[in-house]
Every structure is written in structure tokens, then in C-alpha cells.
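Participant: Residue strings, one per chain:
There are 2 protein chains.
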Amino acid sequence: MEPNASNNMQPDNCLEITPMEVHKVVPPPHRSTIQKLKSKLKETFFPDDPLLQFKRQPLGKKWILAAQYVFPILQWGPNYSFKLFKSDIVSGLTIASLAIPQGISYAKLASLPPIVGLYSSFVPPLVYAVLGSSRDLAVGPVSIASLILGSMLRQKVSPINDPLLFLQLAFSSTFFAGLFQASLGLLRLGFIIDFLSKAILIGFMAGAAVIVSLQQLKSLLGITHFTKQMGLVPVLSSAFHNINEWSWQTILMGFCFLVFLLLARHVRKKTVNIPVPSLCSSVICLNFYMVTCASQSMRKPKLFWVSAGAPLVSVILSTILVFAFKAQHHGISVIGKLQEGLNPPSWNMLHFHGSNLGLVIKTGLVTGIISLTEGIAVGRTFAALKNYQVDGNKEMMAIGLMNVIGSATSCYVTTGSFSRSAVNHNAGAKTAVSNVVMSVTVMVTLLFLMPLFQYTPNVVLGAIIVTAVIGLIDFPAACQIWKIDKFDFVVMLCAFFGVVFISVEDGLAIAVAISIFKILLQVTRPKTLVLGNIPGTDIFRNLHHYKDATRIPGFLILSIEAPINFANTTYLKERILRWINEYETEEDIKKQSSIHFLILDLSAVSAIDTSGVSLFKDLKKALVLVNPVGEVLEKLLRADDAREIMGPDTLYLTVGEAVAALSSTMKGQSSSYV
Amino acid sequence: MEPNASNNMQPDNCLEITPMEVHKVVPPPHRSTIQKLKSKLKETFFPDDPLLQFKRQPLGKKWILAAQYVFPILQWGPNYSFKLFKSDIVSGLTIASLAIPQGISYAKLASLPPIVGLYSSFVPPLVYAVLGSSRDLAVGPVSIASLILGSMLRQKVSPINDPLLFLQLAFSSTFFAGLFQASLGLLRLGFIIDFLSKAILIGFMAGAAVIVSLQQLKSLLGITHFTKQMGLVPVLSSAFHNINEWSWQTILMGFCFLVFLLLARHVRKKTVNIPVPSLCSSVICLNFYMVTCASQSMRKPKLFWVSAGAPLVSVILSTILVFAFKAQHHGISVIGKLQEGLNPPSWNMLHFHGSNLGLVIKTGLVTGIISLTEGIAVGRTFAALKNYQVDGNKEMMAIGLMNVIGSATSCYVTTGSFSRSAVNHNAGAKTAVSNVVMSVTVMVTLLFLMPLFQYTPNVVLGAIIVTAVIGLIDFPAACQIWKIDKFDFVVMLCAFFGVVFISVEDGLAIAVAISIFKILLQVTRPKTLVLGNIPGTDIFRNLHHYKDATRIPGFLILSIEAPINFANTTYLKERILRWINEYETEEDIKKQSSIHFLILDLSAVSAIDTSGVSLFKDLKKALVLVNPVGEVLEKLLRADDAREIMGPDTLYLTVGEAVAALSSTMKGQSSSYV
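Chains A and B supply the protein sequences, listed in that same order. Residues 921 to 1594, numbered by my numbering, are exactly what the first sequence covers, in order. Residues 921 to 1594, numbered by my numbering, are exactly what the second sequence covers, in order.
Calculated directly from the structure, the hints in this document are not laboratory data. One should not assume that every hint holds.
Quick list of in silico lysine-lysine cross-link-like pairs, DSS-like style, CA-CA up to 30 angstroms [claimed, not checked]: (1) Lys1246/A - Lys1257/A; (2) Lys1406/B - Lys1467/A; (3) Lys962/A - Lys1438/B; (4) Lys975/A - Lys1493/B; (5) Lys962/B - Lys1447/A; (6) Lys960/B - Lys944/A.
To give a feel for the contact side, a few chain B residues facing chain A, derived at Cβ under 10 angstroms [unchecked claim]: (7) Glu963; (8) Val1130; (9) Ile1404; (10) Thr1489; (11) Ser1534; (12) Lys1555.
Bear in mind the structure is a predicted one, so any value in this text is a computation, not a measurement. Glycine is no exception: its CB is placed at the ideal position from the N, C-alpha and C atoms.
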């Protein structure tokens, strides 16, 4: 096994590689620990180098840039024109027509008074218009965050028995959600939301859509005694155990409006012919619904207005119907009296102590991260469509501050909404002014139009929610995932079934845990490839991939495809020993030479730790290392027994050079033995 | 940026690379999903391929091999000779002389009756002799597992007020520890113990040594009212608040024996001159103490007997002293009456239900994993010294079964002990028969010699423990870690201070969490290297490492050094865009050409997932991919928009070929434009 033992060599059959100049492996330029730490921190937290634009600028310009960095409105504001405003006012009014019914519906989903949904569509959009950098994001309450907020708080406090406390907890959760979001941005820890992978999001969204739709059975069937649980089983059993409470008038009305809303959606969908893949391969998970309506505006503008206006039309129509037939006395439940007026202050309602603090922080954390993911994903997708950049960490600060301010002005968790942003983009929004227009419209509604909603039936709000969330189920993307990566598909199913059968938070947690486990498994079980020479070249590639690659007799060439660390040192040792074993058994049968050199190609080993360093010593073979990268080489040299690991002739720059140099040594030795 | 836009090229200054033959990138040979899953599972769970030896054997031989696999005693038993037995009997008696006082001491450390320590030195060694594959492991109770078992159970049950329940819980914990250990081995999940890295173990051991030593203050100072907590602060404050309880007779006696034992250790240490590194770079953490005594036996055999026999001599001497001076009436506490007889059965004492089940399972899990780590580490180290293989998963089953059987025969958690195994090896043990000899000696003690221990003072047991655990503090290894990897050093400190100031379990958990976080950070923040050409060759290496490497104008060549997945897609996108930005800013100043091609070297990308696939589409550059490995290539091809990502001329086998081929295209185009 040692090079000295190479007395059964067949010098004739070996190598087609011509001897060549050997290039030395040099240690990387010296850097102090501080320099290394600094560069490491920069790579970790500032991959996008936000300060790059400040370089080589005069001081005055730097101040202006800094102000523009914090308030993006200063960047686009000065160039704002009447032409842009015309576009923005149309899109603003359009999203307002969606935001009002959805705001009321989502607030009910969160077990909050309907008016809080409108409050939340008034202040946050104004804040976002000043701080946000996306031009298409339509800000306001969203279904999933509402669902989670409601379901988490209901576990401890009943919104019916103690509505004031429930409201206080909701605002406090919003505060912590905002605080958490802003801190993530400020500390540049935005990568935490990256752990919600595309597969997880698709599964999670679909599961949440099912849960949200099931919750609407209460209003769609007109049931008064409904379970407080969220899971599929308790909700269905609750719905069917209270069959005596079903109200045919409600069911009829709900059915009609549901059909109307779904038809409006369907009309829109049919006109679409963009290919599915362009949606599936987008950076971040986006639902079919959104992209379809986003890309279709150029084609059938009239049909688009049908679908965008359908929710408001339903609300108006159903309200008139109820009012005309006095249907509220015939089993159809209505929203009831809503107070007029703008958002009352709510900072005195925030809870920073007491027994519910833990619950409030936990709720804030979960809703914060979920709504952040939605907001950032939507922002990035439209930025990609219109080809501008959205800085993730900056967006997090904007969304976070929006929620902190919101929590002090009677708003609950808000973010960029999937569906409304698509409509916004679609209706031709140019800047965040469309949010301002929407906000003003909601303000007018709050001030003067609230009595009109008194007779709006709950069943129509339920139908609006079902129509909105049904688009979150993205079958084509699920198929695409199945096609590309089976494991991702399993993760997606876990997220889906976890949400549907266990709970929203647990489903999400399970899926994230599985994803992280997969990463850890990749690290603990790194690939080792056996390399062979591609004939006529000095290229070495995986023997099991390139069938024309051939083994060089006497050499076992392995490429390690991961950082070597404590978690995989033992595995790598066992795996390499097995390669040697297999090689020797194989060669034994073929009566060829045994291994003289074990060459490890370290090109793909990006890092190493103290446990990893010991691997090379334990292998105890005539070990040759090829192309260790800077950090790895440094650590190997720093080990006290560096000379043991890396004697002369054990470090080469390429596999080709190593093989060429070593086989000439081998020939020399074997001839001297003969 | 597009190749078509290359009208400002300087065809003269570019490339020193001669055009060469271009080799095609081919997709890997087709395998079905089942085949892939099978090979993946094999790579993950059977890196060492335990079935390899069964291949190409007749059926009868296979049965024999299988029996030998399960009972290694069948492998070495038939060849056992009287010569081997002579060695084993000497080493067996030597470790028995250590095991008896240590057994009693460690049982007290776990708040169990002293006799349980002796029981645990009788049955488990016999079981291990049949099942275990290490030839040097000396099996029995160990300090750290005893400490953890005692401290975890004491949190809920008092060993003084409810000794029977405490004993039941200890046996039940042992059962679950064994069950857990055996399952890890059976399910081939042994890699879980790899997460306790060398750095963690060194910090943890040192912390545990401090905690264990502090616990001995009770017996060393003769205090009767001592805190039940483990932390540094409560223990010290308890010791100094009870100054009135200090007994000068106990302190004097303890001091004398401590000095004697430390001197015996010191004598041994001084004779040693093996270099430190050989210990530090061993696969697994091993303490200075052990290796020193292991390697020194050949040099000063007489001095070795001094240190190996010191504990037993101390016990005998102190017992005689107490008996002679009736010191038990003068403030020196003694063990007291111990009942004679062999292990009583204890399977009826196991708890599988009731309120303490959770505690018992948790305790079993923690002690199980810790004692497993110690046992496997010791086994592997001595196997490496004597150059034989120890199968980790098999050892886990052996240790697990040993504990399951132990829990039914009044034994608590046992494993291979660091210190006694070293002495065993040192005294010339050849096979597991030395464990049998030890076991028989303990049996004789249990049957006939128990009354002799009646007057053994607790203070001497304390001194024996302190001397044993002090060797667990491994300064040279800590220095070595500081030298090689600063982050590992921080992890080590966290483990140490966590154990000393918080608790044994939490300290360990914190250190493991930090280590895993580091791995995740490596995955979320993968390295991207800019490659340059090493002049006169077609080798491309990191520009910031090899100073003579030069950029090829018009090309930005990046190497991605990690699997691309959901957790790093966003980061990679941002980081690559920053490289492009920086390159363009730089080139702008130098008035050179802009980037025509972005070449991504994917050699080091060992895997990709659905999110990762989308990265290539989002980059939207004239993207060229080099050497994607099998799995990555397959997934890229399977994406619906494969053609978008990989048009013609965008896949090359080496960077050199890509640059050569593309620059000739570029020249052709620019000349056609001129």
C-alpha cells in the first residue's frame, strides 16, 4: 500500500498522460484573524454590499443617498408626474374595491371586529408608501396571517367572552411581529425566511387554504355553534353534528355568490395562456392565481375588471338584497352596526407584561415570519417581472415599522397581499401612490360609508374568502416539484398534511425541521466520487457518470464533495476505507495492481474544522491531496503534525499533474526494484 | 452583457489559451427512482457496507459469518490460548483493583447505594465480553454518566427521602438508555453521536470534571448539609456557608490521600515523552491522561503499577486506619454496612408508566448518548492504536444490550471507561477475557469481601474521583483547537461554561446547537470563488489565493462551493450579482471590456433542489455552466425550462474548454461587427 511497496507494478499498461510541468500549491496570502473575521462577517451579513453605492461619493451626496436609502419615497418622489398619478389612481381604486370586503372578511377570520380590518387597510399602506421600495405591493391584512393570529390567540382567550382582552392581545402580537420583522432586517438576519423553501410554502399555502375554507363553513352554512378548533376533522364533525342549525336561505345565498365569484375568477383564468414553467421557476413561491392575473392584463382588460370588481359587486348586491327582503330576520346573519370614524389610538392597549406575554410574543413571532415571507416573496416577484431590485433587509424594516406603527393605531398584522398586489400590478400601478389612493378610499369609507355595511351578510364575506384562498392551491407547481425533486415533494406533503391535520404552526415547524434535517444529512453524508481519466486528456471526472473515463492502475482518486467537519469525519473515513476495500477486491479478481496512491481531490471541500483535519492522519495511506482551497490549506498547515499529513510530493494543483508526477516516481521505483 | 453585444472587444489582449478539443457534458446513465433511492439509502446508512464480507460465500459460511457478526466472541474465542489468558488475567486483576473503588465512588456520585456500583461492574462486563468487538474496552460505571444520571433524577425525586423510588427510576433510565443505544445501532443512526464534535467533548469533559470535583467537596470537607444543585456558584456557596460543619480530621485525611494519588499520577506522567500532537489529532477526543498511560507502559512498567494500584492501596490503607483509630467516631464518615451477595434481579423495578416516565426516558436518552460517545470513542482509539477495526453500529448494539440486561440485574448505566480502558490496554489486555476476569474478581468481592468495606471512609472515595476526573481536563488539546479553528474554540468554551454555570445537559445542548448552527451557516452562506487562469496552463484557480492567476477579459468565472438549495438560493443570487457589479465597476475604471460571459463552475455543487434550479434562470446573464455533477445535471435537464437555462454552447466539461470555445466565438462575432 505504501509507495515503497510497489514491486508488482506493470509499467507498460499504465498511463497515457504525458509528463508535464508541475505547479506548486501555495498557501493563501496571510491575513490576520481580525481581517478574516471581518471578511467572514461581510460575506455572511452583507452579500449585497449595500454600502457599495456610497463609495467614492462626496459627503453631501452621501447624506442624500442615506436619506434615500431609509425613505425610498425620496428616490422616486421628486420625479413623480401626473401621468404616473393617473395610473396609480386607477389601480388604487381597484385595490380599494378589493381591500374593503377582504379587510372585513379577514378581520372576522382573525376573530376581530370587522372594523379592525378596515383600520388595518388605512394606516399601514400610508407607512409603506414612505418606507417601502416595492412599486407593486398592495399592503393590508392577509388571510394566512389573520388565520394564524386568530387561532393562536383563541387557544388561550375567547374573543366572545373577553373581546377587549382579545383585541389587546392582537395589537400586542402585532407590535411584537413588527418588532421582530424590523429587527431581522436591521440585524441583516433576513436569511431566516429563506428556510421556508418553495416546497414548504406551496404545501403550507395549500393547507392553509383548506383550513381557511373550512372555517368558512360556519358562515356559508349559517351555523351558530361552531368548533373553535382548526383541524380538518373537528371542523367537519362540528359542521355535520350541527345539521339542525343549517339555514337554507344562507346556503342558497352563499352558493349563488360563490358560483358568481368563482365564475368571475374562471373567466379570467381561461383567457390566460402563459406557460406554467415561467411561474414555477420563479425565485419564490407564487401562486397560479396571482401570476395569471398579473400577466393577463394586456390581453383582456375588460374581463380583468370583471374579476377585480366581483367582490365589491357581491357585497353591494347582497347588502341590497338583505336590505330589500329584510333577510336578516330570515336566518341570514349580517355584520351589524359598525361604528364610524378613523382609527382610534391603541398604544395604551399593548401588553408588555402579565401572564399573556409569552403567548403574545410567540404569536407575534409566528405571524411576523409568515407575513414577512409573503410580503418579501410578492415584492421580489414583481420586482423581477418589472426588472428592478428589492432589498430584502430594507423591506423587512419597512414591513416591521409598518406593523409597529399599526399596533399603536388599532391595526393588526399587515403585509403585502398576494392577491391584491397582483390586481394592483395588473391595474397598472406605477408607484406606492396606489397604496395612498387605496388608503384614502378606505378613509372615506370609514368616515362616511360604514352604515352601508350594516346589512352585508356574513355568508358573502365567507364566499369572498373562499374564492381568494382557493387560488393558493398550486397544483402545477406541485407537479413540477415532483418532477424535479422527490424529497422536496415529500416536504411539501408534510407541510400540507401537517397544516390540515395538526395545526398551522406545527405543520410549518415539521416541514422546516425536515428541510433542515435534509441539509444536515447532506453534510453528514457527503458524496465521494471516484474519478477516472477521460482518455486523451488530463481531465478527471466521475467514473460512474462518464462511462468513457478510465481508472489509472495503481491510483484511487476520490473527490470529496462537502466541507469536512465533525459531523462527517467518521463517515468519510469509513466510506473511503470502503472504496479502498472495494477497489482492492475488484482488482484482486482482475489480477491488476493494488493501490499505490490514494489521491483526494479537495477542490470541493470549502471548509474544514479540527475534527476534519484528523481525517487525513487516520487514513494512514500514501495520501496525496489535490487543490485544497485557501482556508483548508491554511488549517492543514497549522496542524502540528502538518509534516505527517503533507510530506513532500503530497500536494498538487490538479489531479492530472499529481498522477503524472507520481506515476513517473512509481516507474522509477519499480524499475529500481527489478 | 449578451454575447451578441460584444462590440467593444479587444481581440488582441485576450487569451493565452490555445483552442482545444471540446468534450461533451453527458447526462449520467439512467437509473430509476427506486434504484436511486436504494443507492442513496445505502450511502446514508451503510457507508461501511457490513454485508461485503458475505458476498460470494457459500450458505454455510454465511451462517457462521452471521453468528460471528452478532457474537464477536465466536470470532476470537476458538483461537484463544493460554498465552493470551496470562496477559488477560494480569490486566483483568489490575482493572478490578480500580473498578472496585471507582464503582463504589461513582455509585455515590449518582446518589445510588455504593453496592450498585459493584453490581454494575459484575454483569455488564460479562455481556460485553460476548457481544463487544473491542479488545481493550474495560466496561463498568463511569463518572460523567453517573453524574448526569444522578443530577437529572434528583431534580424530581430525593434519593434520601425516597431511596426505593430513586433506585427504580435509575434502573428504568438505564433500561431506556440501553434501548436507545441498541436502536441507534440497529437503525444505523450512529452518526448522531458524531454531532458531539471533538471541540464539544473537550469542553464538556473539562466542565464535567470541574462539576464532579466540586461535588466531592462534600466528602472532602466532611460537610453533612450540602446543596443538591450542580452549578459552580451554588456548590461553592454551599461549601462556604457550612464552614461550621467542616471536619478537620476528614480534611486532613482527604488531603493526605489526594496528595498520594496525585503524586502516583504525576510519577507516571513524568516518565512520558510522547509528543502531544499525536493525541490531539486522534479521530476522537481522548484525554491526555489516558493516552499517556497507554503509551508509557513499555517504558517504566514498575511506575505504571504504582499508579494503577494507588486507588486500591488508598482504600485498603484508609480502611485500616479508620478501623484502627475508630475514626468513624471522630468526624470521619464511612460507607457503612454493605450487604453481601450477587446482583438481585430488578426487572420488576422498571417503570414503564406513571408520572415519572417522561423524566426516565429523558434521563435515559441523555445518559445513553453520553455514555455511548465515551464507549465508542475509547473503543475506536484503541482499535486505531492496535490497528484493528471497530464497527460503530455493532458496538452500539453491544453497549445497548449490556445496559438493557444490566437494568434487569440491578446495574445502572455502564459503558467503556476512559481511564480503566487505558489501564487495561496498558496492563497488556489481549481480549475481552480481561473483562471476565475483572467481573469474577468483583463477584468474589461481592460474595465474600463486602464487610471489609464497612470502614472505608467516604473522603478517600472523593479523593479517588477527583484524581480520576482531573485527567479529563485536556489543556494541550484546547490549545491545538485554538490554533486550528477559532470557532471550534468558542464552541468548546460554550460547552465548558455551559456545563459549569448552567447544567450538564444544557451546556451540552448549547454547544451542539452552536455547532449545528455553524454547519447551517456554511450551507446558507456558501463560498463563491472568482477563478483566474494560471498563465501558460488551462488551470483555473481562486484569484484571491493564487496571486499569479489572471482574469480573462470579458469573462467572470465563479466557482460555487456548496450544494444549492432553498436556504442559499437568495444569497447566491445576491452574491453573484455583487461580483458582477464589482467586476463592472472595477473594469469601468480600467477601461477594459465588460462581462460577456458569466461562467459558473459547478464541480463543487454536489446537490441541488427545486429552489436551486430557479437560481440559474434568475441570473438572466449569458450563463455558462461547467461540469455539473450527475444529480445536478439531471435535475437541471428535468426542469421544464431546461432549454432556457441550457441553450447550445452553455455546458462545458472544464473551465479551460469553456473559455477557449467561447472566446473564439467572441472573436468571430466582434470581427463580424467591425
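Participant: Does each hint fit the structure? Answer for all of them.
Facilitator: Hint check:
no. : hint                  : result
1   : Lys1246/A - Lys1257/A : holds (15 angstroms)
2   : Lys1406/B - Lys1467/A : violated (43 angstroms)
3   : Lys962/A - Lys1438/B  : holds (16 angstroms)
4   : Lys975/A - Lys1493/B  : holds (22 angstroms)
5   : Lys962/B - Lys1447/A  : holds (12 angstroms)
6   : Lys960/B - Lys944/A   : violated (37 angstroms)
7   : Glu963                : holds (6 angstroms)
8   : Val1130               : violated (22 angstroms)
9   : Ile1404               : holds (5 angstroms)
10  : Thr1489               : holds (7 angstroms)
11  : Ser1534               : holds (5 angstroms)
12  : Lys1555               : holds (5 angstroms)
Violated hints, listed in ascending order, are 2, 6, 8; each of the other numbered hints is respected by the structure.
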